Amino acid sequence: MRLAVGGDHAGFALQEPIVRALQEWGHEVRRFGPRTPEPVDFPDVAREICGAVLRDEVDRGIMVCGTGVGASIAANKVPGIRAAVCHDLYSAHQCVEHDDVNVLCLGAQIVGELMAIELVRTYLDARFSTKEEFRRRVAKLTEMDRQRSEGQ
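Counting with the numbering used here, you get residues 1 to 152 for the letters of the sequence shown.
No lab work stands behind these hints: they were computed from the structure. Zero decoy hints are in this set.
Just the calculated beta-carbon pair ranges, DEER-fashion:
1. R136 to A13: 38 to 44 Å
2. E132 to P39: 43 to 49 Å
3. W25 to G112: 18 to 24 Å
Calculated cross-link-like contacts (lysine to aspartate or glutamate; reagent style EDC-like; alpha-carbon spacing at most 16 Å):
4. K77 to D44
5. K131 to E97
6. K131 to D100
7. K140 to D99
8. K77 to E150
9. K77 to E143
10. K131 to D99
11. K77 to D41
12. K77 to D145
13. K77 to E48
14. K140 to D100
Since this is a predicted model, take the numbers as computed values, not measurements. Backbone N, C-alpha and C fix where the C-beta goes; we use that ideal spot for every residue, glycine too.
Sequences and hints are given; from them, build the entire structure.
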């Protein structure tokens, strides 16, 4: 899988072990955001990661900030992106299976390295359901994105 990984200064320390694991698993990784603790604004990094997802340069994105919340808010402002904060394994697969989430957001101040790696593995192993009810709901989300971008 081709993946975009990044975040802000609060998440930079957790990004390296995630990238290492992804590469060990055979994924292609594009890095975004800082590689130091110097402050950076997570909306700027979210815009870059989401752009890569929407341009099909990557299959999915992973953002790491302090709590994952800011990254999720920023990513969800981009039409076509469905981002979720996941700090438990159930949510990490369910968000893809039911909601076709394309950006996973993690909080470096919430989960440790081992849990983050398991969350990422679970997220990447999940596939969007073929059930009509989930497809219908995601289609409605897509329509909401369209209306928002048209200012309706």
